[in-house]
Amino acid sequence: MVPLSGYLTLSAILFTIGVIGVIIKRNPIVVFMCIELMLNAVNLTFLAFARYHPAPLAHDLAGRTEVYLAGQMYVVFVMAVAAAEVAVGLGIIMAIFRLRKKVDVDDMNILRG
Amino acid sequence: MDPLQLVWLVPGLPLIGFLFQAFFGKAIVAKLGDAAGKKVLGFAAVLPVFAGFAITLILWANLPTNTETRAVVATLFDWLSINDIHPLKVPFEFLIDPLSIVMCMIVTGVGGLIHLYATGYMADDKDYPRFFTYFNLFIVFMLTLVLANNLVLMFVGWEGVGLCSYLLIGFWYKNVANAKAANKAFIVNRIGDWGFMLGIFLVFAVFNSVSFYPSGHNLDRSILMEAADRLTNNPGLPMVANPALWIPLLLFVGAMGKSAQGPLYLWLPDAMAGPTPVSALIHAATMVTAGVFMVCRLHIFFELSQIAMLVVACVGAFTAFFAATIAFGQFDIKRVLAYSTVSQLGYMFLACGVGAFGSGMFHVVTHSFFKALLFLGSGAVILAMSHEQDMRKYGNLSKYLPITYRTMFWGWLAIAGIPPLAGFWSKDEILSHTYASGFLHGQGMAVFLYSVGLITAVMTAGYMTRMMKMTFLQTDERWRKLPEPHHHELGPQHEPHEVGRAMTTPLIILALLSIVGGAALAIGPHLFETFTHPSIGLSLMKPTELPGGTEALLIGLSIAGAVIGLVLALRNYKTQPADQGLGVPVRGWRALAEKQWGYDGAMYRTFVTGGGNFATLVWRWIDAGIIDKVLVNGIAKLIETVGVLLRPFQSGFVRGYAFTMLIGVVAIIGWVFLKAVVR
Numbered sequence: 001m002v003p004l005s006g007y008l009t010l011s012a013i014l015f016t017i018g019v020i021g022v023i024i025k026r027n028p029i030v031v032f033m034c035i036e037l038m039l040n041a042v043n044l045t046f047l048a049f050a051r052y053h054p055a056p057l058a059h060d061l062a063g064r065t066e067v068y069l070a071g072q073m074y075v076v077f078v079m080a081v082a083a084a085e086v087a088v089g090l091g092i093i094m095a096i097f098r099l100r101k102k103v104d105v106d107d108m109n110i111l112r113g
Numbered sequence: 001m002d003p004l005q006l007v008w009l010v011p012g013l014p015l016i017g018f019l020f021q022a023f024f025g026k027a028i029v030a031k032l033g034d035a036a037g038k039k040v041l042g043f044a045a046v047l048p049v050f051a052g053f054a055i056t057l058i059l060w061a062n063l064p065t066n067t068e069t070r071a072v073v074a075t076l077f078d079w080l081s082i083n084d085i086h087p088l089k090v091p092f093e094f095l096i097d098p099l100s101i102v103m104c105m106i107v108t109g110v111g112g113l114i115h116l117y118a119t120g121y122m123a124d125d126k127d128y129p130r131f132f133t134y135f136n137l138f139i140v141f142m143l144t145l146v147l148a149n150n151l152v153l154m155f156v157g158w159e160g161v162g163l164c165s166y167l168l169i170g171f172w173y174k175n176v177a178n179a180k181a182a183n184k185a186f187i188v189n190r191i192g193d194w195g196f197m198l199g200i201f202l203v204f205a206v207f208n209s210v211s212f213y214p215s216g217h218n219l220d221r222s223i224l225m226e227a228a229d230r231l232t233n234n235p236g237l238p239m240v241a242n243p244a245l246w247i248p249l250l251l252f253v254g255a256m257g258k259s260a261q262g263p264l265y266l267w268l269p270d271a272m273a274g275p276t277p278v279s280a281l282i283h284a285a286t287m288v289t290a291g292v293f294m295v296c297r298l299h300i301f302f303e304l305s306q307i308a309m310l311v312v313a314c315v316g317a318f319t320a321f322f323a324a325t326i327a328f329g330q331f332d333i334k335r336v337l338a339y340s341t342v343s344q345l346g347y348m349f350l351a352c353g354v355g356a357f358g359s360g361m362f363h364v365v366t367h368s369f370f371k372a373l374l375f376l377g378s379g380a381v382i383l384a385m386s387h388e389q390d391m392r393k394y395g396n397l398s399k400y401l402p403i404t405y406r407t408m409f410w411g412w413l414a415i416a417g418i419p420p421l422a423g424f425w426s427k428d429e430i431l432s433h434t435y436a437s438g439f440l441h442g443q444g445m446a447v448f449l450y451s452v453g454l455i456t457a458v459m460t461a462g463y464m465t466r467m468m469k470m471t472f473l474q475t476d477e478r479w480r481k482l483p484e485p486h487h488h489e490l491g492p493q494h495e496p497h498e499v500g501r502a503m504t505t506p507l508i509i510l511a512l513l514s515i516v517g518g519a520a521l522a523i524g525p526h527l528f529e530t531f532t533h534p535s536i537g538l539s540l541m542k543p544t545e546l547p548g549g550t551e552a553l554l555i556g557l558s559i560a561g562a563v564i565g566l567v568l569a570l571r572n573y574k575t576q577p578a579d580q581g582l583g584v585p586v587r588g589w590r591a592l593a594e595k596q597w598g599y600d601g602a603m604y605r606t607f608v609t610g611g612g613n614f615a616t617l618v619w620r621w622i623d624a625g626i627i628d629k630v631l632v633n634g635i636a637k638l639i640e641t642v643g644v645l646l647r648p649f650q651s652g653f654v655r656g657y658a659f660t661m662l663i664g665v666v667a668i669i670g671w672v673f674l675k676a677v678v679r
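Which chain is which? The protein sequence lines are A and B, in order.
Here the first sequence is numbered in the working numbering, starting from 1 and rising by one per residue.
Here the second sequence is numbered in the working numbering, starting from 1 and rising by one per residue.
Check before you lean on any hint, since a few could be wrong.
Stated by the list, open to error - So the derived label-pair ranges between C-beta atoms look like this: (1) ASP104/A x ILE635/B: 38 to 48 Å; (2) THR9/A x LYS637/B: 53 to 63 Å; (3) PHE77/A x ARG647/B: 53 to 63 Å; (4) ALA80/A x VAL632/B: 18 to 28 Å; (5) VAL67/A x VAL644/B: 55 to 65 Å; (6) ALA636/B x ARG112/A: 18 to 28 Å; (7) LYS25/A x ILE622/B: 33 to 43 Å; (8) ALA636/B x LEU4/A: 51 to 61 Å; (9) LEU99/A x ARG620/B: 49 to 59 Å; (10) THR9/A x ILE635/B: 47 to 57 Å.
Claimed, not checked - Some chain B residues close to chain A (C-beta under 7 Å, calculated; not the full set): (11) GLY652; (12) PHE653; (13) VAL654; (14) ARG655; (15) ALA658; (16) PHE659; (17) ILE663.
If you are wondering where the hints come from, they were derived from the structure by calculation, not from laboratory data.
Glycine included, each C-beta is placed from N, C-alpha and C at the ideal position.
When you get a sec, could you build the whole thing from the sequences and use the hints?
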């Protein structure tokens with residue numbers, strides 16, 4: 001069985017790739033992909049921990065056993081938020097593209113101080 | 001209906017006159033033409049004032065005869081009413097008592113004569129309606145002042161006459177000097193009003209009331225007397241904290257401002273910038289005596305404190321003497337009269353300060369006769385000399401202005417104190433009361449004040465003789481030597497002319513009053529004082545009775561003083577002394593007197609120039625230096641500096657921001673790890 005550290009190492013590698021991509025890439029589409037990569041690296045960490053260190057069993061007031069799936073649920077939320085973010089982000093990129101006929105992250109510096 | 005309830009008509013009729021002049025004056029002149037319009041307006045201005053005089057006579061006739069209850073309050077309406085822990089009730093009500101009747105008679109009687117005179121004096125002025133608008137308004141406020149039954153209503157009149165005085169001094173406002181004189185009068189009066197207001201507040205704080213007499217009929221003043229008694233006999237209160245001292249002193253500051261006394265006299269000489277009827281009405285006969293009237297009206301407060309009485313007496317005596325010295329150095333005929341007014345007002349305060357309030361009021365009455373006469377006469381001279389006021393350019397005018405001279409002659413002797421003319425009676429009463437004031441201020445002080453008064457009487461006769469000599473009696477006609485343009489304004493014969501009937505009639509009436517007015521009121525044992533009871537009188541004061549021999553001696557001394565002053569000046573000014581001629585620089589003490597002994601200049605330097613410099617300093621250092629530089633611009637500079645420092649971080653490169661965030665995240669995580677490892 002793959003140990004926890006294996007998942008975490010993979011997650012770290014994916015995250016680092018994502019970070020480097022965000023920093024060095026100038027195409028916003030690629031930047032978005034890298035952000036997705038980072039989010040998924042985090043998701044992988046959530047799931048790995050949820051699997052290897054599950055929450056202790058708990059009982060409700062009626063004495064029934066309850067299983068907490070907090071880690072897994074977080075992943076679902078992250079995915080939902082990521083989807084929403086991409087929708088908004090792509091919309092912005094489309095708008096910029098229509099305005100300037102090209103999308104380069106480094107060209108979008110009109111908020112320079 | 002009780003005729004006394006007609007009292008509202010006394011100020012009410014001039015008020016209608018004022019509204020008429022204000023709203024229809026210009027239209028009437030435009031419609032009827034200049035001459036006819038002015039005739040109508042002049043009539044409309046004079047009529048309500050004389051009507052007020054007639055109503056005053058009716059009031060006088062209907063006043064209760066019982067000397068103890070001769071004070072009737074006529075309430076018109078509730079004016080101010082504040083329900084608080086200390087409820088303030090100020091009804092709009094008039095007080096009819098001997099004192100207010102006397103003042104009303106002066107204001108409407110002498111005032112009416114001056115109105116009549118002004119219809120002639122101002123006949124050639126294009127602002128005729130405006131003049132009578134202000135003039136009638138003045139009468140309204142002056143009557144409000146003297147009739148008021150409480151301090152607040154009195155203050156309304158007090159400020160109102162101040163306003164009219166300001167408007168009329170600056171009547172010929174196109175001349176900057178006149179506008180400045182008006183401002184000076186107004187500003188100096190603010191100082192007095194400050195004191196008066198504080199006095200009113202203190203009165204209210206102590207007595208919970210500002211009314212002189214309670215509303216309703218025929219009430220005596222026992223309540224006020226009791227409260228006053230409690231104040232004076234309060235051993236727990238140190239003297240410096242006792243309202244019994246401060247109420248009179250603060251009220252006296254107000255009186256000093258309005259009546260041009262002590263340090264606040266300096267607005268009155270400049271107030272002569274106004275038309276001469278204004279000087280006669282406001283700055284001689286009525287408004288400036290408001291201070292004396294107020295002290296007499298509130299004499300109970302003054303009697304509370306011997307110190308306050310001494311202050312009043314000393315300020316009065318000093319001002320009388322000081323102004324008399326200045327009068328010798330003046331060449332402007334109206335300025336001589338102005339200083340004479342200041343000096344005579346000083347006499348009135350001297351009388352008040354020695355407890356002889358009745359004599360002070362008596363002098364107000366006689367002074368209003370002869371000083372109005374002298375001012376109106378000087379106005380006639382000024383008009384005849386085509387607005388030349390320098391007495392060095394007069395001479396021998398008795399030949400050309402016979403009526404003016406003959407009337408002013410009596411005013412001159414009256415103010416000099418020659419018996420049996422008006423001035424003699426009142427001045428002699430004041431002097432003998434001063435001599436007898438040992439019971440109040442100690443015999444030494446009484447004799448000192450008396451000698452100041454007597455010397456001033458000699459000087460009064462002196463400077464008035466100087467004025468009359470220079471104007472009327474010296475035989476060289478100096479105005480003939482003046483350059484042509486002036487000369488030609490004097491008319492076809494190149495000579496001054498007697499003024500018209502509208503102006504000579506008041507002069508003649510006032511001359512008659514100056515001759516008999518004093519004797520009529522003084523003959524019989526203290527007739528005037530008996531009449532003015534209980535408004536004024538020696539209620540708390542118990543003067544020492546002078547033995548008959550001393551009294552005769554005092555009378556002899558005051559007659560001798562007047563005659564000495566008269567004779568010396570007559571000899572000295574037979575012809576114009578060489579050192580006071582035209583174009584000769586004034587030298588010696590006269591130069592100092594001309595400059596008001598440097599007082600006016602010192603005040604100007606201290607408060608006008610000094611105040612300006614102080615304001616410049618405040619502007620340079622506090623406004624421009626601290627507020628502008630440090631607070632306003634400083635904050636802007638600070639924010640700008642911070643912005644400049646932070647600017648590089650806002651590069652606009654999204655990837656740069658991401659990298660910065662990365663560094664931050666790494667640093668935080670690294671720190672957390674490091675802590676975990678170290679632990």
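Hints and how they fare:
Range check, ASP104/A to ILE635/B: about 40 Å between beta-carbon atoms, so the 38 to 48 Å window is met. Distance hint for THR9/A and LYS637/B: a CB-CB separation of about 54 Å, consistent with the stated range 53 to 63 Å. Checked against the given bound of 53 to 63 Å, the beta carbons of PHE77/A and ARG647/B, roughly 38 Å apart, lie outside it. A C-beta distance of roughly 52 Å is found between ALA80/A and VAL632/B, which places it outside the suggested range of 18 to 28 Å.
Evaluation of the 55 to 65 Å hint for VAL67/A and VAL644/B yields a pass: the beta carbon distance comes to about 58 Å. Our hint of 18 to 28 Å for ALA636/B and ARG112/A holds, since their Cβ atoms are close to 23 Å apart. At roughly 60 Å, the beta carbons of LYS25/A and ILE622/B sit outside the given window of 33 to 43 Å. For ALA636/B paired with LEU4/A, a C-beta distance near 58 Å keeps the hint of 51 to 61 Å intact.
Between LEU99/A and ARG620/B the CB atoms are about 55 Å apart, so this pair conforms to the stated range of 49 to 59 Å. For THR9/A and ILE635/B, the Cβ-Cβ distance of about 54 Å falls inside the hinted range of 47 to 57 Å, so the restraint holds. Because the closest C-beta pair between GLY652/B and chain A is about 3 Å apart, less than 7 Å, the hint holds. A hinted interface residue such as PHE653/B counts as satisfied when its beta carbon comes closer than 7 Å to some beta carbon of chain A; here the least separation is about 6 Å, so the hint holds.
Given hint, VAL654/B at the interface with chain A, holds; its Cβ is 5 Å from that chain's nearest Cβ, closer than 7 Å. Interface restraint check: ARG655/B against chain A, minimum CB-CB distance 5 Å, threshold 7 Å, status holds. Among the interface hints, the one on ALA658/B holds; its C-beta lies about 5 Å from the nearest C-beta in chain A, closer than the 7 Å criterion. The interface hint given for PHE659/B is met, as the beta carbon of that residue sits about 5 Å from the closest beta carbon of chain A, less than 7 Å.
Given hint, ILE663/B at the interface with chain A, is violated; its Cβ is 11 Å from that chain's nearest Cβ, farther than 7 Å.
Of the numbered hints stated above, those contradicted by the structure are hints 3, 4, 7, 17, listed in ascending order.
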